Amino acid sequence: MSNSLSSRMHFTRGERIIAVLYGSLCHVLFAAGVGAMAVGLYTGMQIGLLHLPHRMAAAWNSMLLLQFPVIHSFLLSDRGRGWLDRLAPVRLARELRTTLFAITASLQLLLVFLLWSPSGHMYWQPQGWLAVVLTVAYAAGWLLLLRSMYEAGLGVQTGSLGWMSVARNRRPVYPPLARRGLHGLVRQPIYLSFSLILWTAPVWTLDRVVITGLWTVYCVVAPLLKERRMHRIYGETFRRYRAVTPYWLPGLNGTRVPRRHSPSCSGPELTRRIVIAGAGPVGMMLANLLGRAGVPCTIFERRRDPDNRSMAIGVMPPSLSIFQRFGRADDLIARGIPVREAHVHDGRRHLGSLSFRELDSEYPFVLSVPQHETASLLHESLRAAGPVTLISGVQADICSNGPERIVPSLHDEQGNRMLHEASLVIGCDGHRSAVRHTSGIRMHESAFRQRFVMGDFPDETGFGSDVHLFFTESGSVESFPLPGGMRRWVVLAGAAEATAQTVCERVSQRTGLALDAAGAKNVSGFGIRRALVERYVSGRVVLCGDAAHVMSPIGGQGMNTGFGDAELLAEVLVALHEDRIAPSEAFAFYEAVRRKAFRTAARRAEWGMRLGTLTGRWPSAIRSRLIEQCLLKGPVEKMLPAWFSMLSIPRISLSNEGAHG
Amino acid sequence: MTAWLHRIGTAVPRHAFTQDFALARMKEWMAGDPRARYLSRLYCHSGIEKRHTVLAASDKETIPLFYARDDHGQLAEPDTKRRNDLFIREATPLAIESARNVLDEAAGLGKHDITHVITVSCTGFFNPGVDFRLIRDLDLSPSVQRYHLGFMGCYAAIPALKMAAQFCEADPRAVVLIQLTELCSLHLQLGGGMDTLLANTLFADGAAAAIVSGRRPMSDAAAIRLDPFFSTLIPKGESDMAWDIGNTGFQIALSSYIPDIIGGDIRTILEPALFAAGSHADDIDLWAVHPGGKAILDRVQQEMLLEAGQIEDAREVLRAFGNMSSVTIMFVLARMLAAGRKESARILAMAFGPGLTVEAGLMTYVPAAALPKPLPADVDGRDSHA
Ligand SMILES: Cc1cc2nc3c(=O)[nH]c(=O)nc-3n(C[C@H](O)[C@H](O)[C@H](O)COP(=O)(O)OP(=O)(O)OC[C@H]3O[C@@H](n4cnc5c(N)ncnc54)[C@H](O)[C@@H]3O)c2cc1C
Numbered sequence: 009m010s011n012s013l014s015s016r017m018h019f020t021r022g023e024r025i026i027a028v029l030y031g032s033l034c035h036v037l038f039a040a041g042v043g044a045m046a047v048g049l050y051t052g053m054q055i056g057l058l059h060l061p062h063r064m065a066a067a068w069n070s071m072l073l074l075q076f077p078v079i080h081s082f083l084l085s086d087r088g089r090g091w092l093d094r095l096a097p098v099r100l101a102r103e104l105r106t107t108l109f110a111i112t113a114s115l116q117l118l119l120v121f122l123l124w125s126p127s128g129h130m131y132w133q134p135q136g137w138l139a140v141v142l143t144v145a146y147a148a149g150w151l152l153l154l155r156s157m158y159e160a161g162l163g164v165q166t167g168s169l170g171w172m173s174v175a176r177n178r179r180p181v182y183p184p185l186a187r188r189g190l191h192g193l194v195r196q197p198i199y200l201s202f203s204l205i206l207w208t209a210p211v212w213t214l215d216r217v218v219i220t221g222l223w224t225v226y227c228v229v230a231p232l233l234k235e236r237r238m239h240r241i242y243g244e245t246f247r248r249y250r251a252v253t254p255y256w257l258p259g260l261n262g263t264r265v266p267r268r269h270s271p272s273c274s275g276p277e278l279t280r281r282i283v284i285a286g287a288g289p290v291g292m293m294l295a296n297l298l299g300r301a302g303v304p305c306t307i308f309e310r311r312r313d314p315d316n317r318s319m320a321i322g323v324m325p326p327s328l329s330i331f332q333r334f335g336r337a338d339d340l341i342a343r344g345i346p347v348r349e350a351h352v353h354d355g356r357r358h359l360g361s362l363s364f365r366e367l368d369s370e371y372p373f374v375l376s377v378p379q380h381e382t383a384s385l386l387h388e389s390l391r392a393a394g395p396v397t398l399i400s401g402v403q404a405d406i407c408s409n410g411p412e413r414i415v416p417s418l419h420d421e422q423g424n425r426m427l428h429e430a431s432l433v434i435g436c437d438g439h440r441s442a443v444r445h446t447s448g449i450r451m452h453e454s455a456f457r458q459r460f461v462m463g464d465f466p467d468e469t470g471f472g473s474d475v476h477l478f479f480t481e482s483g484s485v486e487s488f489p490l491p492g493g494m495r496r497w498v499v500l501a502g503a504a505e506a507t508a509q510t511v512c513e514r515v516s517q518r519t520g521l522a523l524d525a526a527g528a529k530n531v532s533g534f535g536i537r538r539a540l541v542e543r544y545v546s547g548r549v550v551l552c553g554d555a556a557h558v559m560s561p562i563g564g565q566g567m568n569t570g571f572g573d574a575e576l577l578a579e580v581l582v583a584l585h586e587d588r589i590a591p592s593e594a595f596a597f598y599e600a601v602r603r604k605a606f607r608t609a610a611r612r613a614e615w616g617m618r619l620g621t622l623t624g625r626w627p628s629a630i631r632s633r634l635i636e637q638c639l640l641k642g643p644v645e646k647m648l649p650a651w652f653s654m655l656s657i658p659r660i661s662l663s664n665e666g667a668h669g
Numbered sequence: 025m026t027a028w029l030h031r032i033g034t035a036v037p038r039h040a041f042t043q044d045f046a047l048a049r050m051k052e053w054m055a056g057d058p059r060a061r062y063l064s065r066l067y068c069h070s071g072i073e074k075r076h077t078v079l080a081a082s083d084k085e086t087i088p089l090f091y092a093r094d095d096h097g098q099l100a101e102p103d104t105k106r107r108n109d110l111f112i113r114e115a116t117p118l119a120i121e122s123a124r125n126v127l128d129e130a131a132g133l134g135k136h137d138i139t140h141v142i143t144v145s146c147t148g149f150f151n152p153g154v155d156f157r158l159i160r161d162l163d164l165s166p167s168v169q170r171y172h173l174g175f176m177g178c179y180a181a182i183p184a185l186k187m188a189a190q191f192c193e194a195d196p197r198a199v200v201l202i203q204l205t206e207l208c209s210l211h212l213q214l215g216g217g218m219d220t221l222l223a224n225t226l227f228a229d230g231a232a233a234a235i236v237s238g239r240r241p242m243s244d245a246a247a248i249r250l251d252p253f254f255s256t257l258i259p260k261g262e263s264d265m266a267w268d269i270g271n272t273g274f275q276i277a278l279s280s281y282i283p284d285i286i287g288g289d290i291r292t293i294l295e296p297a298l299f300a301a302g303s304h305a306d307d308i309d310l311w312a313v314h315p316g317g318k319a320i321l322d323r324v325q326q327e328m329l330l331e332a333g334q335i336e337d338a339r340e341v342l343r344a345f346g347n348m349s350s351v352t353i354m355f356v357l358a359r360m361l362a363a364g365r366k367e368s369a370r371i372l373a374m375a376f377g378p379g380l381t382v383e384a385g386l387m388t389y390v391p392a393a394a395l396p397k398p399l400p401a402d403v404d405g406r407d408s409h410a
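One line per chain: the protein sequences are P and W, in this order.
Just so you know, we're using this note's numbering here: the first sequence kicks off at 9 and counts up by one.
Just so you know, we're using this note's numbering here: the second sequence kicks off at 25 and counts up by one.
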């Protein structure tokens with residue numbers, strides 16, 4: 009959680025207002041600039057406001073045309089950025105960079121098209137159907153431009169990233185390298201679509217010929233500079249991207265280097281010495297599954313002693329089926345409480361209930377069991393798991409990683425080294441994954457404003473094994489049964505301190521129930537993030553569990569999604585071990601399936617959280633109606649239990665593509 | 025006079041390697057050697073997960089320090105002097121670290137209380153040696169009596185304990201510091217037969233120190249009471265285990281029959297000895313067997329009908345540290361001492377070595393609460409000494 013906190017900044021109110029002003033200016037200018045360009049090009053540059061004598065017009069127009077590429081490129085250089093930074097108050101300059109850049113670019117465009125001095129030489133103006141065709145092509149050029157900008161990150165392209173970050177008191181997070189969609193066809197779709205616009209505008213005047221010629225050259229040359237910058241920022245990722253994607257024209261593959269991101273050896277070779285970094289629930293699940301299949305692996309865990317903090321409590325039916333693969337589902341169930349019923353209330357009344365009894369699963373319930381119990385069961389069953397070695401007190405980083413070879417750096421906190429050879433490293437080392445970090449895999453993340461405080465209290469409610477959710481106008485309260493006569497309470501708490509007192513106050517205010525602060529355990533606060541790695545596999549590193557993704561804990565799906573990752577990854581690794589599949593194919597499959605599973609789960613978790621945390625009288629009243637009339641009634645009601653218990657997330661595996669758990 | 029094993033301190037070199045790593049290195053070094061085909065099986069069934077070594081620490085960059093290939097691709101085998109020089113450099117810091125862990129002023133077992141030092145090692149020699157350095161670096165009294173048990177092999181911890189117990193018997197004020205240091209990895213061999221192949225899978229580096237005294241233990245910590253010791257020989261194993269000095273390190277003879285020899289004779293050896301000590305195998309709660317290898321533990325467990333828990337400490341030490349020769353059994357006893365058992369427990373410590381020598385000692389783990397109450401005279405005795 010502290011990751012999301014550290015991305016918080018502290019701007020004063022005044023600074024944030026200034027940022028909003030910059031933002032407004034930026035977007036107004038941007039709209040005007042783009043508008044002027046669209047009209048200007050379409051009419052063959054005849055809308056210019058100046059009317060200079062011939063000679064002067066030629067000089068003036070050339071200057072207008074040249075200033076754009078020159079200044080644009082200059083501002084992207086280090087020196088230029090220094091200049092740009094002077095355009096805003098010092099404390100904001102760095103954050104506002106994208107906004108400042110968009111402002112100057114828009115101004116430059118406006119300058120070109122409004123202060124143009126038209127020559128009046130008309131060469132050709134299409135008529136009839138030809139005009140229509142060209143206009144359509146012109147419009148298509150704009151749509152492609154829009155699409156490319158969207159892929160590259162509208163925030164950066166339109167300058168909103170800068171001012172919005174300041175306004176929200178956050179550090180700007182730059183999007184990862186765009187490599188899919190149009191960016192998968194060519195590396196510079198923005199410049200390509202821009203040239204398309206230049207060439208498809210219907211009216212050909214002398215001015216138009218000049219601008220099209222000069223700016224096309226610019227569109228071909230400028231990205232060369234841009235790519236140097238991208239190489240610096242994205243490093244290896246960009247190099248690989250460049251190797252497989254042509255620069256400017258689709259189909260022309262510039263360098264044609266073989267695809268380098270998947271290991272170049274056979275499956276058995278690759279899985280000979282599997283190292284798992286991190287013995288959290290996900291790492292141990294993976295080791296259990298691998299060990300049972302006779303695939304040797306060694307886990308290194310940074311901690312010396314087990315982690316007793318209590319995080320995940322909800323174990324979903326699909327996860328229970330994974331435990332059953334090595335016969336431990338019943339042992340886990342014995343350590344927890346099966347939840348068969350969830351009740352939803354608003355501040356005043358009971359809105360409805362959700363029952364898991366009818367779930368189409370061997371386990372028609374959601375199991376509530378503290379994470380450390382789950383972990384300790386996984387740890388115990390490791391002993392019987394076969395060729396698995398667990399070594400505690402050793403942290404794994406990646407020293408060097410590539411398709412041919414991986415060198416992990418294994419050491420304890422004093423820097424003492426553990427020598428071990430690895431053919432493949434699986435990063436199961438949680439959301440702050442050092443494996444991810446040291447192998448240069450970027451994570452795309454966003455934070456939400458909701459903050460929660462949770463705590464476990466002795467249960468005096470009589471709610472038994474049911475879950476109770478209270479969605480009230482002053483915030484949510486969620487209450488889950490725990491083994492040992494305890495109950496977990498999670499309250500929406502804004503900026504309040506993470507204390508038992510906070511939980512008690514919120515609970516009593518929103519539900520009228522009294523908790524005893526003295527008996528509280530495990531009180532902690534958490535914020536909400538969503539993060540997904542740019543790639544699950546790089547060289548000989550594979551990520552799994554929280555190391556690859558983080559989602560809102562509200563909804564209880566993070567660990568379960570991690571178990572799903574582990575299940576599929578184990579299957580893929582076993583297939584590799586037995587030489588039934590090629591590494592590139594295996595990893596592409598793993599990544600595609602699990603990325604999708606994460607997205608689905610995260611979307612649901614966020615949707616649920618958003619609905620649950622709406623505050624205020626009217627939103628709350630509407631929510632109550634929605635829940636009562638639409639969600640807990642009719643066809644939706646039948647779908648919801650499967651939805652919440654993750655049974656409706658397809659468990660695609662190598663053998664049964666698309667089967668449900 | 026009862027002798028008590030008060031405290032045990034342990035130390036291992038900073039760096040460790042997994043058994044997988046050792047296997048991979050060994051395969052690389054022995055590429056082309058027909059014996060290399062046994063490697064996987066030997067390493068995978070060793071019951072060892074990791075071992076510690078001074079080799080990596082000696083030179084950061086060359087992990088396989090010893091056997092780097094020369095310009096012609098030949099493995100250069102270091103001679104005995106080079107190996108012993110490394111011993112001289114690495115043994116002292118490790119020995120000092122283990123001894124520091126064991127001195128405890130508060131319990132009346134501080135540096136001024138030590139009257140005897142016994143050092144043990146079979147993996148390197150130098151003089152003034154570890155015993156001298158302990159006196160110098162830990163600031164013990166120069167008049168401390170020093171003894172060194174050299175080259176005895178894996179069982180040397182038991183004679184050291186026995187010797188200490190006898191000092192305590194002779195002098196009620198004696199406080200004996202036993203310090204054991206073994207850097208077995210210095211004697212890694214690539215030549216030789218299956219013996220060395222097997223030895224390479226097992227041996228590791230480590231150090232331990234212990235304090236033995238007739239004084240009453242402080243009642244806030246558990247202690248181990250030393251009861252009768254006994255030794256014997258299994259002559260038919262004479263040629264199966266040996267340790268001598270070669271030109272390229274110390275050389276071991278270690279046949280794979282040892283577990284069978286020990287397993288076959290253990291009952292006939294132990295039963296009369298235990299009977300003589302007024303005890304019986306069934307009375308032993310904990311078996312501190314020297315984990316010479318996994319097969320030895322398996323055979324002892326099988327022959328003596330032990331439950332897994334009775335011999336688990338030995339297995340755990342083997343798993344996490346390998347065979348550190350004479351040091352190993354002290355790690356096993358240290359685990360027993362630290363486990364926080366509430367009940368007294370009967371321990372049989374047992375180690376094997378060249379000859380085939382069997383050295384054993386009966387001991388009793390006594391939890392803090394059950395320790396004898398102080399006698400006024402006892403307290404006086406300590407005060408006047410300090
Ligand atoms: C408040 C809260 C409530 C939650 N509730 C739920 C819930 O109800 N249901 C649910 O499914 N999920 C829930 N989650 C999410 C769940 O806790 C995580 O998804 C889950 O713990 C992820 O498991 P993991 O094994 O991937 O990572 P972790 O649990 O983070 O484990 C990582 C392990 O790796 C070790 N490690 C770290 N770095 C290294 C390194 N470099 N080398 C070696 N070891 C390393 C760590 O010590 C740790 O043991 C919740 C999360 C929070 C914060």
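Certain hints may be false.
To be verified - Below, a sample of chain P positions facing chain W; criterion: calculated Cβ distance under 8 Å:
hint	residue
1	M157
2	R281
3	T306
4	Q403
As the list claims (entries may be wrong) - Computed beta-carbon distance windows for the label pairs:
hint	chain 1	residue 1	chain 2	residue 2	range
5	W	G270	P	R311	36 to 46 Å
6	P	P276	W	P252	27 to 37 Å
7	W	K366	P	P466	23 to 33 Å
Just so you know, these hints were derived from the structure itself, not from any lab.
What you are looking at is a predicted structure, and each value in this text was computed from that prediction instead of being measured.
Glycine residues also receive a C-beta, built at the ideal position from the N, C-alpha and C atoms.
Numbered hints the structure breaks, given as an ascending list: 1, 4 and 6
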